[in-house]
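Participant: The lines below spell out each chain.
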Amino acid sequence: MENSVLQVEGLSAAYRKNTVLDDVNFSIEAGTLTGIVGPNGAGKSTLIKSVLNLHPKLTGTVKFFGTDLKAVKKRIGYVPQRGSVDWDFPTNALDVVLMGLYGKIGWLKWPTNRDKQKAMEALEKVGMADYAKRQISQLSGGQQQRVFLARALVQDADLYFMDEPLAGVDAATERAIMTILKELKQAGKTVLVVHHDLQTVTDYFDHVLFLNRTVMAYGKTEEIFTKENIAKTYGGSILGLREENGHVIITRK
Amino acid sequence: MTYSLWIILTASLVGVTCGIIGVFLILRKMAMMADAISHTVLLGIVLAFIITQQVSGTPMLIGAIIAGLLTALFVQWLHSLGLQQHAAMGIVFTTLFAIGVILISTSVGNAHLDVQHALMGEITFIPWDRITLPIVGEVPRATALLAFVFVIVIVFIVVFYKEWKITTFDPALAASLGIPVLVMHYLFMGFVSVTTVASFDAVGAIMVVAMLITPAASAYLWTDRLSVMILLSGGFGVLSAIVGYYIAAWVDTSISGSMAFATGLVFVVSFICSPKHGLVSKLWRPKAGYSVMEEK
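Line by line, the protein sequences give chains R and F. Residues in the first sequence are numbered from 1 upward in steps of one, following the UniProt record's numbering. Residues in the second sequence are numbered from 1 upward in steps of one, following the UniProt record's numbering.
If you are wondering where the hints come from, they were derived from the structure by calculation, not from laboratory data. There's no promise every hint is true.
Said to hold, decoys possible - Capping the alpha-carbon separation at 30 Å, the derived lysine-lysine pairs in BS3-like fashion look like this:
#1 R:Lys104 x R:Lys185
#2 R:Lys133 x F:Lys29
#3 R:Lys104 x R:Lys125
#4 R:Lys63 x R:Lys220
#5 R:Lys116 x F:Lys276
#6 R:Lys220 x R:Lys185
#7 R:Lys73 x F:Lys29
#8 R:Lys133 x R:Lys116
#9 F:Lys276 x R:Lys133
#10 R:Lys185 x R:Lys232
#11 F:Lys29 x R:Lys17
#12 F:Lys282 x R:Lys133
#13 R:Lys57 x F:Lys29
#14 R:Lys73 x R:Lys182
Unchecked claim - Simulated DEER-style distance windows between Cβ atoms:
#15 R:Asn18 x F:Thr253: 53 to 63 Å
#16 F:Leu83 x R:Gln117: 39 to 49 Å
#17 R:Thr61 x F:Gln54: 51 to 61 Å
#18 R:Ala129 x F:Ile91: 47 to 57 Å
Glycine included, every Cβ here is placed at the ideal spot set by N, Cα and C.
Go ahead and model the full structure; you've got the sequences and the hints to work with.
Facilitator: The following block contains the structure:
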């Protein structure tokens, strides 16, 4: 595909002896906002990590902007799961955002005032400017997630990978994050989001990737987000599914 | 310089270097690794001694670095096979340490090395074993070695400060930014080994753990900034060294033991008095500190 910013071919990965991803193939177009959905243990986080070389691939090739990861690292932003870091670390919100710039600042150099200003602007964007000097353990879960998002924004990447940015956040934060993700998309950026809430998929994402060890379905949300694909991906674990005015409604018993 | 001043200076160098390294050990959740490496460097030292047949700085340092890195590698390897991290450490370090003990008590025999010395250190003898350096003149060998290690550690921490910080806080992000997380991990393990072996003569394998962990753990209670935590931890290390020396002089007992005890005292004071996490402040303002703030 000409406009492809991410092309994954034949990717497989394992944890110890358990294969978690097997022959994953997909290609993401520029300017899309994709939700990656699938049951627990489907390999959603592993997919992001193997694509970014943070987890070893067994097989497969990944192309970013038609080239290798190394050449375009600065154009890629990654938001790990919030639970992956120790929030008791002695640092404040502004400092965490500043870390997003460490790659661009480069070795042997210290962050400048200009860098701090950029970090501050990113905090303002996510509505956290007032908390810049706050120790990160004293932020709520939603606020911590916003700080993580600000850290990604400051990277000014073209392609973003976000691992469950909406997990365990309050409604206000969820709205704020989605507004920013849609802005990123409008600015021509490409965003991939690991998502866990099927109810909001149609509202949030223009593309959806169903994952359960391999790609079960991938495409435009309105075409692909169907009862059949959900059932195929989740097996018997989702109980109530019905279609209403072209929308799939999920009810949990 | 007088005899006791050399001892205080040497002990302070141990305190400040261990204090700084300890901050990263604690924040990387690797406190136990200090214990492991402090024991396995014994094997490195013994092997260096067997090969070179002399107790001298450079081969012992190299031996210790190799032993420290091997420990880190073995632990990582066992962990990747599915063993719990701490269990892996326990297996690796006791085994390597045991080999060191066996070697000491057989082939090395009557040499200067003995288990007691390696475990407890003997800072009292340090001022007599001197070397002559350009400019500064005659200094105790252990002191010169420690000063050298201290400078190296400071330079590396300052020059790569932001890399240490990000690989400690969020290794996944660091890796995605292209920072060599694994290289930095092993480099850090190398530092722990070098610091440990340099401190060996002064405080021994067991007490060095106290110097690595306790000042850093105390500093953690006082501040929310990494840079301040590093300064405080180094300061607490020096304070413990000095207080420990005077306790030892006063009670007429082991200097290394008193210094380790002094780190414990510093921790107790921190635990009670620190403004954010201390017992006193918690009693005063029971709802402050950890309360989750309301959303805007």
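Participant: Just to be sure I understand the hint, the distance between the Cβ atoms of Ala129 of chain R and Ile91 of chain F should be within 47 to 57 Å; is that true here?
Facilitator: Holds, at about 50 Å.
Participant: Measure nothing beyond the straight line between the CA atoms of Lys276 of chain F and Lys133 of chain R; if it is 30 Å or shorter, mark the hint as holding.
Facilitator: holds, 15 Å
Participant: Does Lys29 of chain F pair with Lys17 of chain R here, judged by a C-alpha cut-off of 30 Å?
Facilitator: holds, 27 Å
Participant: Take a quick look at whether Lys133 of chain R and Lys29 of chain F sit within 30 Å of each other, Cα to Cα.
Facilitator: holds, 25 Å
Participant: Does the hinted range 51 to 61 Å hold for Thr61 of chain R and Gln54 of chain F at CB?
Facilitator: Given range 51 to 61 Å: holds, Cβ gap about 54 Å.
Participant: Below or equal to 30 Å on CA atoms is what counts here, so check Lys116 of chain R against Lys276 of chain F.
Facilitator: holds, 26 Å
Participant: Between Lys133 of chain R and Lys116 of chain R, does the CA-CA distance stay at or below 30 Å?
Facilitator: Satisfied, since the Cα-Cα distance of roughly 12 Å is no more than 30 Å.
Participant: Does the Cβ-Cβ separation between Leu83 of chain F and Gln117 of chain R fall within 39 to 49 Å?
Facilitator: For Gln117 of chain R against Leu83 of chain F, whose Cβ atoms are near 47 Å apart, the range 39 to 49 Å holds.
Participant: Decide if the proposed pair is consistent with the structure: Lys104 of chain R and Lys185 of chain R, CA atoms, cutoff 30 Å inclusive.
Facilitator: Judged against 30 Å, a Cα distance of about 23 Å means the pair holds.
Participant: Hint check: Lys57 of chain R vs Lys29 of chain F, CA-CA at most 30 Å. Holds or violated?
Facilitator: holds, 27 Å
Participant: Given the hint of 53 to 63 Å, check if Asn18 of chain R and Thr253 of chain F actually sit that far apart at their C-beta atoms.
Facilitator: With Cβ atoms ~56 Å apart, the hint holds.
Participant: Does Lys232 of chain R sit within 30 Å of Lys185 of chain R, going by the straight-line distance between their CA atoms?
Facilitator: holds, 29 Å
The structure fails none of the hints (numbered hints given earlier).
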